[in-house]
Amino acid sequence: MKRFVYINDGDLSPGVYCNNKISNTKYTLLNFLPKNLWEQFSRFMNKYFLLIACLQLWPLITPVNPASTWGPLILIFAVSATKEAWDDYGRYQLDKQANERNIWVVKKGVKTRVQAQDVQVGDILWLRDKDEVPCDLVLLGTSEPGGVCFVETAAIDGETDLKTRVAPPPCIGLTSDLLHKIKGVIECPTPDKDIRRFDANMRLFPPFIDNDFCSLTINNTLLQSCFLRNTEWACGVAVYTGNETKLGLSKGLPEPKLTAVDHMIDKLTGAIFLFQIIVVIILGVAGNAWRLSESQKIWYAKYSLKSSSWYEFLVIPLRFELLCSIMIPISIKVSLDLVKSVYSKFIDWDLQMYDEKTDTPAVATNTGISEDLGQVEYILTDKTGTLTENIMAFKRCCINRICYGETTGDALADPTLLRAVHEHVPEVIKFLKVMAVCNTVVPVKSHGILLYKAQSQDEEALVQAAAFLHMRLINRTASGVDVDFLGSMLQFEILDVLEFTSDRKRMSVIVRELRSRKIKMLTKGADETILPIVHPEQQCRPVIDAVERYSQMGLRTMCVAWRDLEEEEYSRWSVKFKEASSSVTDREWKVAEVCQLIETNLELLGATAIEDKLQEGVPETIQTLRKAGINFWMLTGDKQSTAIQIARSCNFVLPEPEGQLLHVQGRTQQEVQMSLERVLRTLRMSSTEPKDIAFVIDGLALEIALKHNKEDFEELAMLSKTAICCRVTPTQKAQLVELVKRCDYRTLAIGDGGNDVRMIQAAHVGVGISGREGLQAARAADFSLGKFRFLKRLILVHGRYSYNRTAFLSQYSVYKSLLICFIQIFFSFVSGVSGTSLFNSFSLMAYNVVYTSIPVMTTVTDKDLREETVLQNPQILYFCQAGRLINPSTFAGWFGRSLYHAAVVFLVTIHVYANEKCELEEMSMVAFSGCIWLQAFVVPLEMNMFTSIQVIGIFGNLVMFYIVNFAVSMVKWGGMHTIMYRICSQPAYWFAVLLIVVIGMGPVFALKYFRFVYRPNAINVLQHFERMAELASSGTAATESPLRSLEKGSIPLSVSSPNAELGSVYEPLLCDTPSSSLKRGGVTYSTDFIPSSPSTFTLSPYSRFKKN
Amino acid sequence: MSANGASTSDAGVPAKKESKKPKYSKFTQQELPACKPLLTPGWVIAIFMIVGVIFIPIGAVTLLASNGVVEIVHAYHNECTRNLTTREAKIAYIENDQLDKTCNVQLRVTKDMDAPVYVYYQLDNFYQNHRRYVKSRNDQQLRGDSVNETTGCKPEATYNGQPILPCGLIAWSLFNDTYVFTRGGTQGLFVNKKGISWKSDREDKFGSILPSNFPNNQRDNTSLIGGGALNLSQPLNEQEDLIVWMRTAALPTFRKLYGKIEDDLKQGDTISVQIQNNYNTYTFGGGKKLVLSTTSWLGGKNSFLGIAYLTVGILSIFLALVFFLVHLRNPRPLGDPSYLSWNRKAQLTSNSAH
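The listed protein sequences derive, respectively, from chains A and B. Reminder that position 224 of the first sequence reads as 224 in the UniProt record's numbering, one-by-one numbering, no gaps. Reminder that position 189 of the second sequence reads as 189 in the UniProt record's numbering, one-by-one numbering, no gaps.
Accuracy of the hints is not assured; some may be wrong.
Claimed, not checked - Simulated crosslink set (DSS-like; lysine-lysine; CA at most 30 Å straight-line):
1) B/Lys21 to A/Lys130
2) A/Lys590 to A/Lys163
3) A/Lys302 to B/Lys289
4) B/Lys23 to A/Lys83
5) A/Lys193 to A/Lys590
6) A/Lys302 to B/Lys154
7) A/Lys613 to B/Lys20
8) A/Lys345 to B/Lys36
9) A/Lys453 to B/Lys36
10) B/Lys289 to A/Lys627
11) B/Lys154 to A/Lys83
12) A/Lys345 to B/Lys154
13) A/Lys297 to B/Lys154
14) A/Lys972 to B/Lys20
15) A/Lys163 to A/Lys183
16) B/Lys289 to A/Lys345
17) A/Lys357 to B/Lys289
18) B/Lys36 to A/Lys1008
What the hints assert, rightly or not - Per the computed footprint, the stretches of chain B lying under chain A, defined by three or more beta-carbons under 8 Å from a beta-carbon of chain A, are:
19) 243–253
20) 313–323
Rather than coming from a laboratory, the hints here were simulated on the basis of the structure. Backbone N, C-alpha and C define an ideal beta-carbon position, used for all residues, glycine too.
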């Protein structure tokens, strides 16, 4: 589909395209209520609650006042609707502001000022410096010579550097008068969201006819929301407007991610729902049976003698359904959302994850998935900019068989190279020319200093290095480049740019040297793409050797080549190139094809080597996380030897003999398959040895493996804990993430550049480094960090705590609902199975919404272990990864506890309040108080420490319970009138409550103590050692520092290993989940615990922590 | 080489952007001071000991209080049906208005009972908490706010087309056995029926309104026989039997206060009670008991609390002792080197087992 835009001619396309009114709002005033409600009710839980609330409107079956469900339900809906409405109103205001901006537009040859929303496709817009672009434009003219202008595209891709945009050749040089009158047609694709591509053509009408067609690329456009910079004015024609712009189309919310814990909660909720149905059926049958046999006997209930309506049999089951409906607590969602947002705030606030240098705090963009951080099993990481600084420094080069910088370690400091430059050695000059010209770097003069604006850090480093070697790039326009070499000006006319793409992995520029009028092609690129196209007669060996050596040093290498072109050959090729680059479909592929035609028979000049330093703390971070049982995969676009070198220095792979690298390679399907099988055999054999095996694969082999040997590769992925994938494309990165995800592992992808966005979005957790390649990755990510080393803290501290807290909170929420429900069920057996509610509506509502929600929410400040201890013993993360704190067996524990507690509360209450005391309202409050008091002990027992917040939350809640109920007891017309005063003045009430608490908590407490001391799990052991360290530091033995005692305490690191064995016997509630034991990788875990040298093992992270 | 880097940082300075550094506070850094209790043997043994030490005396005191209560319970539902044996006969007897339901019962006082002696009637197997029953009342009407309001009273809302006051099944099924006490055969024992209901009920829940159109007062043969009739000339808030009855019981076995005898009863006294056995518990096989009881600070006779407290206390001390012994035999204080070696050994064995 194509769109034809008639420039400056509103009559030819009137009203075909939408106007430029931007609308980012989700709702309108009219559809807000239905749309919002529809969205909210698309969730299962909300549907369930609505059903319950509707059933409650039938007075015959409702056991409680419908308000007890409608109240919270409406509250929850109102809160979330208000939030949506507020957000939407904010968006509406912003839209309005943008839409009512005044813009200079040429309408019918006259420049007028109109509101941005009235811009039509085909209008010519005039922008001034620092203006925001209101819609997608094709540039027609600028104030600068050569039709260049500069834009800041931060709003679109987050990149803050200035980008150059040029007017298409036919328009260059037109005066602003002519630009008012310009007419023409632009043939462009229908709007899409690809902000890197604009495959269109333009033809101008007389009198502007220049040549037939002129192809347009993204470099000829100004996209909506960019800012014009360093340019006095620019004008362009609107091609996409309103919400049809590239930005407008690429907006939209990504799929919400659900955490593993969420899935588990969903599953458990489902199980409870089933259980509820079963209970309802059993009680319904029992109730109907009781009714049939007793109804005519209990005359006081006055059942009518006549057979009643058809639905009679449904009434009792439905009543029980309503009575049991609180089994799925309405509060769980609200509390979870609340605590999750607190977790993410903790991440935002964390000073230890704040990067001073770049002023970047950690940001949790996705507030809902912090728990998943604690369950990560695989980290797939980008290399450049993620593990490394992405600050490139030109270090070595090899020109014409001579390698520079070998002795000095820095080619720029090598006197032989400087001498060669001054002596005008032809190869060196050629080499420097390629370095200076073959790039997209824009020199910008500011305050007399020449600055280079580059999109690629490598290119910037090369241009800087060339400038240092006196080949200074001083000016670049769309058509030419000026280079100053030792005072003499070299001018080049740029004929064509054969752009760099991640598939081609090379870039060429075809220039005409103005002095000699000769045409040359300057090429640079990755060695494996340059070497095959080098002139067959040339001796490449020295360069190949040099490249090999450089990459083993972990340097980024690039080959530099050159070709002199004949005028005739170029003009023949040029036609094809123009054709390919003006095609509207498949342009990239066609262009690449054509480029290949001319990129042959190159003269290889040499190779460059650029150093990219490792980020601070990367090896330690990786070591710690690997100890935590997390497997690392490195996915990089860099070449294999560089990748391996970086991998070694990052602790990815241990040096021989502990570590072993296996290569999967091959160019054909057979080769890859054989290689894959060989690697698999080795891996299967050595799977019992505590050996550190990694496999290395490159992009090509990976593509073949993924296509033809998927199963083998999946097995390889599961067996191998470490992988290095080099030369991979963004798509392959995402494919690998999907592959690991399919093996049922929790994945975290971390990267910094636009090429990592897909992988970040595909992974369970995406982490972006707000690095030098722009903010694109950080924007797409769920969490963004300033530096890679913060990942350790993000996972081990925030992820782990979040998981622990959510595990407790969600299970507790179900426990407390079940508790009240079981009491109701027990009560139904002494009330003729008729579905009477023991508790009144107010209490039921307040129980869920207030009394049991507030105390447990203080779990957000709870920590089972100190942060230092966790960072020091990362193995403890295993508890989270294996899902040991929330799984069907822990849940069974909570279920059993609720059943036991319900029995205690019910039995104690009915026995103490028997005979003359058994008044319904009183007994109800006694049982209710029993529940609330139990909660004041259950919650603290499960917490590990008590801050002031927890103390206030838990015991303040208890005090509030009495205050609220005393207040309610004052209401004369309420059912609870005077009840609380009466029971509180009865000693029996207090004795009953005390008895409930002690009988309820005693066994739980004793069991917990027994487990803690005699069957401790790894967490408990570490808690012991924490206490030991505290005692040592505060005790008389002042000489023994906590550090030292912890050092001694490091031995039981391995304690989880015996525990893992005992686990199944002694820790029925902490056994592995079935899913985790299914994983072949997870089982070998325990062998990791044996530290090769215990002292370095623990001491170093601890001392490092102290430094921090 | 770093011209670009320098320029970006230079550009940043003059703009004087506000630093994005998070503010420090103990809460945001999750560093709030906290106390971290561990379940160490010392603490746990102490807690169980303390619980035991507190519970045993409480158990003893409450048991004593319960034992101090003197209680005479007399079931009369079978005795007062002229020794009829079958259920049907009993039902026929109780439903027959024409028969005299008077029945005399002798109670022996086994222990001195100090005044006031409370008189209760106890019903068994009577579901006042039945869903159909418990909601069948209208508090607004009872308060006198709107006497014609009968929502929720079905199926006892109207009688002869007129609203019943008080409406509902509870009021309609009012208990109507009566007891007349005499001591030693001749001396009448006055039963005080004033103040047997909750003060708050009399003042706030029941209004000063006269009952009207109450079906039990206009009994004809067509209506199902309900419970007792009301005094139509006495306002509801003075009809304390009704007020007591309408405080529904939570359990199918319950006692309700009938009155208070404000004389001391001496050991060996014989109390004869003339019972009007009007109330029908025979259709559902429920029992009726007459209860005379003194009271203690804890209430009536109920040894549950005492026994439960004693049991829990003893168990708690027992557990404390067990934990103590286990701790002695197998001590695991924090940081005990033997604990470490146990770990090491286990580690070694598990390794060699691999």
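field: Hint consistency between A/Lys345 and B/Lys154 [alpha-carbon to alpha-carbon, up to 30 Å]
entry: Roughly 55 Å separates the two Cα atoms, so the pair is violated.
- prompt: CA of A/Lys163 to CA of A/Lys183, is that 30 Å or under?
  reply: 27 Å, holds
query: Has the stretch 313–323 of chain B got at least three residues whose CB is nearer than 8 Å to a CB belonging to chain A?
result: holds (count 4)
message: Just to be careful, I want the Cα atoms of A/Lys345 and B/Lys36 compared with a cutoff of 30 Å; is the pair within it?
response: Distance of about 24 Å is within 30 Å: holds.
- prompt: Regarding the pair A/Lys590 and A/Lys163, is the alpha-carbon distance no greater than 30 Å?
  reply: 25 Å, holds
query: If you draw a straight line from the CA of B/Lys154 to the CA of A/Lys83, is it 30 Å or shorter?
result: Distance of about 44 Å is beyond 30 Å: violated.
task: Measure nothing beyond the straight line between the CA atoms of B/Lys289 and A/Lys627; if it is 30 Å or shorter, mark the hint as holding.
output: This hinted pair is violated, its Cα atoms lying about 74 Å apart.
message: With the threshold set at 30 Å, check whether the alpha-carbon distance from A/Lys302 to B/Lys154 stays at or below it.
response: 9 Å, holds
query: Are the Cα atoms of B/Lys21 and A/Lys130 separated by 30 Å or less?
result: 28 Å, holds
query: Given the hinted pair A/Lys453 and B/Lys36, is their alpha-carbon gap at most 30 Å?
result: 55 Å, violated
query: Regarding the pair A/Lys193 and A/Lys590, is the alpha-carbon distance no greater than 30 Å?
result: 21 Å, holds
Satisfaction of hint between B/Lys154 and A/Lys297, Cα-Cα up to 30 Å: With a Cα-Cα distance of about 18 Å, the restraint between A/Lys297 and B/Lys154 holds, given a limit of 30 Å.
Violated hints for the displayed structure, listed by number in ascending order: 9, 10, 11, 12, 14, 16, 17.
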